[in-house]
Amino acid sequence: MVDLECLRRRCSAMVIGTTVACISSGIAQPLVPSPRWQVNFPALGNGAASESTAVPLGSDPTLVVIVTTGANPNNPQAQLGGRKVLVKMIGHDPVSRLGFIRTEGNVAAKPLPWAEDASKAANASLKAIEAGRATPCRAAGWTKQVGGKVLPFALLRINFTAAVPPPGTPLVDDAGRIVAIVFQGSGSGSVGYAIPAEAVHRVQQDILKNGQLVRGWLGLALRAESPSPQISRILPDSPAAAAGLQANDVLLSIGTRRITEYADAANAFFYLIPGQPVSVKLQRGGTPMEFTLTPIKPKG
Amino acid sequence: MFRQPRPPDPDQDLVTRAQAGDTRAFDALILKYGDKLYGLVYNMTSHKEDTHDLLQEIFARAYQSLGKFKGNSAFYTWIYQIAVNLTLNFLKKRKRRISLSINDMESSVQQDPALIDNANEANPERQTNLNELQIRLNEAMRKLSDPHRMVVTMFDIQGMSHGDIAKVLKASEGTIRSRLHYAHLQLQSALQDSWDERF
Amino acid sequence: MKPTVEQIGNLLALKRHERPEEGYWQDFLCEFHQKQREQAAKKSGLTNFFSQAGEWLSEMSPSKWAYGAGLAYAAVMVAFFLVPREPAKPTTPVTPVNLQVIPAPAPPALEQLNQLDLSPSTQGNIGEQVF
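Chains as they are written, first to last, in my numbering: chain Z, 1 to 300; chain E, 301 to 499; chain B, 500 to 630.
None of these hints come from the bench; they were simulated from the model.
Okay, derived cross-link-like pairs now, SDA-like style, lysine to any residue, Cα gap no bigger than 20 Å in a straight line:
1. E:348 to B:526
2. E:336 to B:520
3. B:534 to E:364
4. B:534 to E:361
5. B:541 to E:366
6. E:467 to E:307
7. B:501 to E:489
Generate the whole structure from the sequences, applying the supplied hints.
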């Protein structure tokens, strides 16, 4: 039998399922294999079935999963530690591919805590939690575009030591908080992409409340081919117009997110919430200026 | 973008700035069209190092000649023409046999994240068959003559119309169609043994 | 049995997704800038370059040969770009290139922002994106 008291004195405890995994000085010391939440989605049409690890969001029995391209989100088949469990899909966002499922009864005695965001983890050492084992990996910055295509929000690029873990696998920081979940491999070796915690929170909030992601809309236009994030047009009767933004203003920051290029802006705008004011700093001519805008729901 | 009547060149602004000496504007054009031109050159040469060298030459030539670009065609059409000409010239001069490194043999199908997504990993045999077919297809493409490989690359891979291909290659549409027809027959024969009814 | 032309076309269309590896274009731009600098150096006077190089070499002691080899290589590279391919015409002056690699702007197709899909797009729409 394991001396749990001894573990609590020496390790920061993390719980997956109903067991304790010990992480001490980066050495994974699983005591017993933790049951893993595994969710399978059947293929949609000519697409492909997919499988995701499910991660509890908190104390209520809601878990987040990844529904990959071509999979049908509506009929998840879940297992906990190999044992079939009935779950229901609460909602799914086709933009981020995040799905939220709910199960009857308790998910775990003590789910992993979530970080608010991954801002401090962008180049940090992390650990991938798989069935109670904590495998070291390393975040290698943000990926804002792939193949010349700007992503709807930035992903964390992760260097794993072995194969990329399954989609949905939580990645934790030194404090044991989930900062991201694995999205998919990059297609080359042990490099993968992960959805940051802030994106999970952003989508979760809307899916659980409205059933869908509702973007915050400002009514300003950017040209992606422009080397700098310069506003090309302000739409009439928009929050941007009301606040006094003008065409040719160059964005410097949206909220706490610094903007240096179009892809930064696309990422920042993903996190706007209708009705929640946001500070926008920009440069007009040579003059830095600051505005407060309140995004609204997209028109049309 | 090759349609008639031609819409305004979407790159007008970048081109004008590049012509005025704004190197970042030209960088933006490289990044914008690099992948497309990479696809063209790589499918013609089947060699990554040659592709890289050719692309450097193509963009260098375009940059040096930018002052001569008067906007009579879209910028992309213009640089695509440069790429086609330089690639065909290169292939004529290439003396050495193309020996395929393992890297070249790797099917890029395996490296595309979305296709890994869709690859139906529950059926690895299907994925293996698809990769083998891709390899056979690449071999068959290499065996085509340069003009035939060029029309297949432009039509089947890059999705250009017969008319646009004819303009770039300075041939009649009829010639393009018959070249394509012949090339497709060659490819069909080459894949005959590898083809599986399941596909 | 033979594949049909349509099946061949579908197989070929898969090749539309071929892309160089991630980071390729950043390195490409660095090399491109380097070559443009060499070209600019040539335009500002190759003679000066060699004479100065000659003086520099004569001042070196045993290691000069290593430097000389490097210089010869650089000279070959510069000469490579001097081979005229077209009749020279005056072009706009080449300003010193910025070493900073500009991150890739991308077509703002609405479809791209509406899908977290790591598959490369074949085409994007040109124009602006409203946020």
